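Peer 1: Chain by chain, the residues run as shown.
There are 2 protein chains.
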Amino acid sequence: MTDYIRDGAEIYRLSFATIRAESDLGGLPPEVARVAVRMIHACGMTDLVRDLAWSPGAVVRAERALRAGAPVLCDAMMVASGVTRRRLPADNEVLCTLGDPRVPELAERLGTTRSAAALELWRDRLEGSVVAIGNAPTALFRLLELVAEGAGRPAVVLGIPVGFVGAAESKQALADSDLEYLVVHGRRGGSAMTAAAINAIASEVE
Amino acid sequence: MTDYIRDGAEIYRLSFATIRAESDLGGLPPEVARVAVRMIHACGMTDLVRDLAWSPGAVVRAERALRAGAPVLCDAMMVASGVTRRRLPADNEVLCTLGDPRVPELAERLGTTRSAAALELWRDRLEGSVVAIGNAPTALFRLLELVAEGAGRPAVVLGIPVGFVGAAESKQALADSDLEYLVVHGRRGGSAMTAAAINAIASEVE
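Here the protein sequences line up with chains A and B, keeping their order.
Take the first sequence: its position 143, counted from the start at 1, is 143 in UniProt numbering, and no numbers get skipped.
Take the second sequence: its position 68, counted from the start at 1, is 68 in UniProt numbering, and no numbers get skipped.
I should point out that these hints are in silico values taken from the structure, not numbers from a laboratory.
As the structure is a computational prediction, the values presented were derived from the model and not from experiment.
Heads up, the beta-carbon is just placed ideally off N, CA and C, and yes, glycines get one too.
Worth double-checking, as some hints may not be accurate.
[Claimed, not checked] Just some of the chain B residues that point at chain A, by a computed CB distance under 8 Å: (1) Ile-11; (2) Leu-14; (3) Ser-15; (4) Ile-19; (5) Met-45; (6) Met-77; (7) Met-78; (8) Gly-163; (9) Glu-169; (10) Ser-170.
[To be verified] Coverage of chain B stretches by chain A, computed from C-beta distances (three or more under 8 Å per stretch; other residues unrestricted): (11) 37-43; (12) 132-141; (13) 190-200.
Hey, can you work out the whole structure from these sequences and the hints?
Peer 2: This is how it looks when you write it as structure tokens:
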């Protein structure tokens with residue numbers, strides 16, 4: 001059996017040191033670099049940086065929104081599950097409506113996926129929220145439609161859905177919008193790196 | 001706004017078709033290819049195949065164990081959260097003990113991480129179980145120790161922790177053991193692809 005490090009704090013320290021040594025973080029503002037490090041930690045890939053894009057105010061506005069008590073609106077239970085509650089600065093609500101019993105019928109009526117239909121239940125929470133889309137491209141597309149319809153403007157949108165159909169396109173559409181955003185362009189994404197981004201924004205503790 | 005596909009079934013069909021067209025699945029037994037496709041779907045990376053390794057009987061044994069009612073033992077809430085309950089063939093229990101109130105004290109007493117200490121609470125469930133490690137290398141190392149101590153042999157171990165300290169090493173140690181296993185060698189891994197592997201093993205429905 002290989003011997004291994006059992007000290008959690010030492011594992012974190014070594015992990016973040018490795019990430020900082022191997023990742024090309026030079027072009028990133030410090031607050032974005034801090035988020036990138038934690039996202040890389042969650043996926044094991046230092047080259048994630050090359051697909052990362054953001055609007056200039058995104059991370060600072062997200063930090064401010066969380067401190068002011070904004071809810072975190074998640075498209076998937078795995079994203080909500082990955083948010084470390086004790087890091088949140090204002091005991092913020094972490095909301096995922098995908099399991100709401102009204103969603104299957106909403107999806108049928110609206111002719112869309114359940115992930116997109118679940119956002120109907122965000123309407124009165126959108127304004128000033130921190131949105132974390134870590135799974136479904138249709139949820140990100142639907143969010144952009146809701147904002148265009150005037151349903152409320154999130155403080156920032158983390159657009160990190162994953163996959164082969166619509167993921168790259170939905171993230172490009174977010175980056176082309178006038179919302180504050182952070183995206184991982186292309187097919188990569190997912191709940192772990194999305195939750196990691198929220199956890200990094202929520203607290204500076206590494 | 002980019003137009004987009006809203007039909008969930010069509011999105012799945014197109015996604016899996018793209019994955020099969022772009023991934024090098026030729027060298028994989030059919031039951032492993034089916035698992036690989038769903039893991040790739042969860043991470044957006046067709047080159048995942050090159051890091052995938054398994055013992056010859058792993059997937060078939062895992063399928064059989066689930067049909068026989070084996071529990072799924074997960075190292076992280078995100079893994080448990082990603083397992084689609086309705087796909088499980090025998091209403092199998094999906095267990096994650098990381099949040100158990102005894103774990104922090106166990107971790108302190110044993111001088112290890114909480115992720116590893118949480119496995120102490122698996123002792124009477126290990127025999128014949130399906131283990132899904134999708135986050136913590138220390139949990140996978142500790143599992144191998146428990147098995148070596150005679151605590152019970154899982155039917156199969158999915159070893160897919162992620163990260164920079166111990167991830168590659170713990171997966172190599174599993175592959176070198178006499179357990180049935182499936183791993184993603186290297187730093188990549190995580191809860192999404194681990195849950196996807198369980199979901200693929202649980203049901204042949206795409």
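Peer 1: For every hint, state whether the structure bears it out.
Peer 2: Structure-based check of all given hints:
1. Given the 8 Å rule on beta carbons, the hint for B/Ile-11 holds: about 5 Å separates it from the nearest Cβ of chain A.
2. Hint status for B/Leu-14 relative to chain A: holds, with the closest Cβ pair at about 5 Å, below 8 Å.
3. With 8 Å as the threshold, the beta carbon of B/Ser-15 comes within range of chain A, its nearest partner Cβ sitting at about 4 Å, so the hint holds.
4. Against a cut-off of 8 Å between C-beta atoms, the interface hint on B/Ile-19 holds, since the closest Cβ of chain A lies about 6 Å away.
5. Against a cut-off of 8 Å between C-beta atoms, the interface hint on B/Met-45 holds, since the closest Cβ of chain A lies about 7 Å away.
6. Of the supplied interface hints, the one on B/Met-77 holds, with its beta-carbon coming within about 5 Å of a beta-carbon of chain A, less than 8 Å.
7. A distance limit of 8 Å between C-beta atoms decides the matter here; for B/Met-78 the minimum to chain A is near 5 Å, and the interface restraint holds.
8. Given hint, B/Gly-163 at the interface with chain A, holds; its Cβ is 5 Å from that chain's nearest Cβ, closer than 8 Å.
9. Proximity of B/Glu-169 to chain A holds as hinted, the smallest CB-CB distance being about 5 Å (cut-off 8 Å).
10. A hinted interface residue such as B/Ser-170 counts as satisfied when its beta carbon comes closer than 8 Å to some beta carbon of chain A; here the least separation is about 7 Å, so the hint holds.
11. For the segment 37-43 of chain B, the proposed coverage by chain A is satisfied: 3 residues have a C-beta within less than 8 Å of a C-beta in that chain, meeting the threshold of three.
12. Here's how the segment 132-141 of chain B fares: 3 of its residues keep a CB closer than 8 Å to some CB of chain A, so the rule of at least three is met and the hint holds.
13. Only residues whose beta carbon comes within less than 8 Å of a beta carbon in chain A count, and the segment 190-200 of chain B has 4; three or more means the coverage holds.
No hint from the list above goes unmet by this structure.
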